[in-house]
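Colleague: Listed below, chain by chain, are the residues.
Number of protein chains: 2
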Amino acid sequence: MSDATTSPDLDALRAANPEHWRRAAAIRTLTLDAVAAANSGHSGMPMGMADVATVLFEKHLKFDASRPDWPDRDRFVLSAGHGSMLLYSLLYLTGYPEMTLEQIRNFRQLGAITAGHPEYGHAPGIETTTGPLGQGIATAVGMAIAEEIQRARFGRKIVDHHTWVIAGDGCLMEGVSHEAIALAGKLELSHLIVLWDDNGITIDGKVSIADVTDQKQRFKAAGWDVLEVDGHDPQAIDAALTDAKKGKKPTMVACKTHIAIGSSAQDTSKGHGALTDPELISATKRAYGWEHAPFEIPEDLKAEWEAIGARGAEARAEWEVRFAELGRGKKDHFERALRREAPKKLSATIKALKRQLAESQPKVATRKSSEMVLEVVNPIMPETVGGSADLTGSNNTLTEDLGVFGPENRDGRYIYYGIREHGMAAALNGLALHGGVRPYGGTFFAFTDYARPAMRLAALMGIPSTFVMTHDSIGLGEDGPTHQPVEHLAICRATPNTNVFRPCDTAETAEAWELALTATETPSVLVLSRQSMPTQRKEFSNKNLVAQGAYVLADADGKRMAILMATGSEVDVAMKARDLLQQDGIGTRVVSMPSWELFEAQDEKYRKKVLPAGPVRVAVEAGARMGWDRWLFGERGKRDKGAFVGMEGYGASAPAEELFAHFGITPEAVAKAVRDLI
Amino acid sequence: MSDATTSPDLDALRAANPEHWRRAAAIRTLTLDAVAAANSGHSGMPMGMADVATVLFEKHLKFDASRPDWPDRDRFVLSAGHGSMLLYSLLYLTGYPEMTLEQIRNFRQLGAITAGHPEYGHAPGIETTTGPLGQGIATAVGMAIAEEIQRARFGRKIVDHHTWVIAGDGCLMEGVSHEAIALAGKLELSHLIVLWDDNGITIDGKVSIADVTDQKQRFKAAGWDVLEVDGHDPQAIDAALTDAKKGKKPTMVACKTHIAIGSSAQDTSKGHGALTDPELISATKRAYGWEHAPFEIPEDLKAEWEAIGARGAEARAEWEVRFAELGRGKKDHFERALRREAPKKLSATIKALKRQLAESQPKVATRKSSEMVLEVVNPIMPETVGGSADLTGSNNTLTEDLGVFGPENRDGRYIYYGIREHGMAAALNGLALHGGVRPYGGTFFAFTDYARPAMRLAALMGIPSTFVMTHDSIGLGEDGPTHQPVEHLAICRATPNTNVFRPCDTAETAEAWELALTATETPSVLVLSRQSMPTQRKEFSNKNLVAQGAYVLADADGKRMAILMATGSEVDVAMKARDLLQQDGIGTRVVSMPSWELFEAQDEKYRKKVLPAGPVRVAVEAGARMGWDRWLFGERGKRDKGAFVGMEGYGASAPAEELFAHFGITPEAVAKAVRDLI
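As you go down the protein sequences, you meet chains A and B in turn. Residues in the first sequence are numbered from 1 upward in steps of one, following full-length UniProt numbering. Residues in the second sequence are numbered from 1 upward in steps of one, following full-length UniProt numbering.
Possibly wrong hints are sitting among the right ones.
What the hints assert, rightly or not - Pair by pair, the computed Cβ-Cβ distance ranges are:
1. B:G649 <-> A:E102: 23 to 31 angstroms
2. B:S360 <-> A:N39: 27 to 35 angstroms
3. B:G462 <-> A:Q356: 24 to 32 angstroms
These are calculated hints, taken from the structure and not from any lab test. No residue lacks a Cβ here, since even glycine has one placed at the ideal position from N, Cα and C.
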């Protein structure tokens, strides 16, 4: 942490490197102008880091602005996402498609691609969504892992790039940064370089009011190389970035900078925020020696920047040649995986497994079912990269053929993430964003809580990370309420663009995996049991029934008087309640609802077919009621009778069967709920 | 991290310290027996850390087993909560009330207080719930802060104790540990001592497969003193703990141990789990020189342990005398705050504010309303301890009189938590658990995601932490979708034992704060707007209307044809929609629903009075629909018409008013939804 004391001499800096200074000033003044126009945003960080970013783009970053989708480009991650104008300025100046001056002028306005924080998908060159602090650096770890795996597989001629991160003090205070840097240190991700904007300022004031961490010592303790540099000296920056690329470990470069440099708000928390005062802005521009109108970049300067943007064109063209020379098989794999397209035989593989299941009818936990699926999928889908946050044997995420990824084994496809649920989830996102690999990672479902910030980002970005969440209810038993999810299904279901699957047996698990592995713009959460469950789907179905979200598992014998809705382990409870009710002559349909989101996406006709008006409805799920009213009452009709059998509070520590009895999640309770309604 | 290579010589250890060995063996064998009886649990950690724990309890921990509620006791936190049998053994052996041998025998069984992981409230001596890794160490930071504050206020004679933590590798890998130790380092919490169980083993194998962190260097980088000790050498442990208490900084003691010591599973990940094989158990007991039946503790040994339990009785009695000599005012404050009881004048203070508001009718953001409340509450409630995760000016959490807590100012009541939402939330829990203080802390509502694991624990433990969550919807505007909560109301509402308040104006905010400040067993989440809202409650109400959860804000003129339900900033939308509908002759009631939980807790009669059957219902909230069907359709009746106006996906970056229009959360849209239903 730096408590900047002496103010830099801008005139001297400018005189020493006039061309560099002008280029960096373009970033600084575009930032000032855009923030002023928006009347909101963060001016100080782009102003402070403009020198570092200019040197990075001018001399080190491997990119071709005209082809932002070049697979072997360096990845640039702005972890300090509030400084978004730094990124937008660079993309505009170097000539990325779509990032026009009009967009810069519309910074933070409705419909503009220049959102308050960088949003993945808004424009080429935005490699990941950042803003929630620490996410960028943790996501970058996944990108760097993907690069290592791809390099091992396709060779240095095809894959050989770096992942660069600009991180602020906030990123480094967030806990997830600890998980990220420790993982990167262990994995010796030498192509990962973090540029720390060491400006000593946060929103509440000096960093020192809340932190005395020696960041350099901290990174060293985590197995990183550490360099230090004056963040306003382009030669020194250039030398440091050159060194950083040479190391055998990930490198952190501490860049000592002045936030909001050259303004009256320099080195203050005011400088962190939106500088909108016209006087301040014009005085700052004068201090930069900048004499142009707002948003005006002189043509020759723009041309200089565009030349920087074209700097990688040749390398990119050479890469195209090398790629064309790659063997057909490797090329197809490379391109197919980049398109997030599953291999053609996935469908047949899943069907073959289902056919076999209809015969063997295993009684296993769905976490085991998941392993059975992975055992047939991983061998035919070389792009999968698995892992677990220190629960490999519990999450059943490791299959034999994967091999463990590490410093000595770069083509391993399994990662021991350590006890780092959050870091793992962010790394999964980075793997997915880098592309060419399809990541999944496991932990206990209750620890969704730890992984949440990254799971939300996966959904917001629209990327197909797969979260394998086992031990999904009180059914985990003795570990007790801290480990027993109750509200977590509601949490995942409430999250937009997230497919939540809670399969009831191996066939549903296989179908859920098929959907997860073919998803292109939606993350999947597989919610799996610790405890064994019987096979419910006794007949082979060629169709993927889970794709419809819900379906009739068993219809009523006789007049349909009740509909039971259930997911996962409670489908068996519902089936047994159906037996009890049918014995009493109460015709009962059981609807398995492994995915609410996909059911919601069906047309009304199908939904009404599955859940017709008339019969009473009882939902059973070993979780919170939140959301079930939608299916009990929410579709318009004459029905007014429904009930929920599930959890009202937290679980307890005891053997699983006793807990289901204790909390009244039993066939008898479900049958009684039906009788009470009829 | 340690990769233990040489196996310890148990006979030599035993010969060197026979009495110590026997005491520690009691912990080890109780653990083996209880885990075997339960057929689940974690044997290895209590076995490995028994020596350290024995020395801690025998020579250092300030406690009186007969009076676990002694306010000046040391706090002992088992952050590695899976090793719960370590704690239960100690509580049983030293003679804590309630922790009987019967409870030990019933480890992990339904109704036993000996849950799989330590559960706060189950038994005296369990200072906090642990199990989700890292929570214990982060909670302990809050306890240590509380001790410092109380010591400054009441003097060393009344408050002078330590907080001891046993943390495992898992705790130290979790990101929250980084936030915790950095905060503790900055605050120089010298009474906080962490005993790291450095056994080199996790569930997936050796720590080294996932981590190469130099933990000692890491803690030093965070401003801690670091000691290292052989965790099986009682003299060395004693010396280290003695040293640890002398430092001016928090201290981490790296205790090199052998997990599952003396068993054939020693130093392996198998040893981490449940050792239940009878052969292994009897061989291990033989290796310990232990010749007693399962669960049998020889009387003389039990007596030795009980003498340890009584070791602090004298000090406790002397403390009682000193406490009795304390002035009346201080004594009352000390005891009242410990009882979690608000001062009597709180109610009058809130009423006076409400009376004033009915006159001034401010148009402010509810975050500002919250500040207005804190400005009158903090001066009369000296036990409040505020803070923010680097968003002080945005959360409006700091009032003038508080003073900032820090190494130089121990009686400050405001904490700059830094950019550490998770660490802050856990610290709030620790403050509440320690007692004598009433903590609140602020961040943006979207960052509930970061704070979740600790927020859930607050709810599970039943402690009154208050989370001040501002910027509660798309109404925050330009910062965009990463910062705009959508699903977070559903997340908090789905969490059992959590009171979620989303007030619509300053009067409701004052009432919500009154409920938060008088809560004893429930955490509160205050969900507050960034943007201004007009006063809705124009008349002074003596009653706390928020306490009912929902109430009629404006009734229909003429025949009641529609009911609009809303919370927070959308109450104004509903009121304006009501104007539109009334102009059309559609009698419309507006129900403000600041707290679903409290409304749910009302009797059915009241609920039906507020939400009578008959009129169509439209809910409006700038968040996800999840859960609203409960109020639209969930109460039985003949109604079948309802609609929701809110968010269907993520927000966007733009000025707030434009976003409300863009996403169709407007009076016009609400009025249309009503007309469509009628």
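Colleague: Confirm or reject each hint.
Modeller: These are the hints, each one checked on the structure:
1. A hinted range of 23 to 31 angstroms for the beta carbons of G649 of chain B and E102 of chain A is consistent with their spacing of about 26 angstroms.
2. Taken as a hint, the range 27 to 35 angstroms holds for the pair S360 of chain B and N39 of chain A, whose Cβ atoms sit roughly 28 angstroms apart.
3. Checked against the given bound of 24 to 32 angstroms, the beta carbons of G462 of chain B and Q356 of chain A, roughly 49 angstroms apart, lie outside it.
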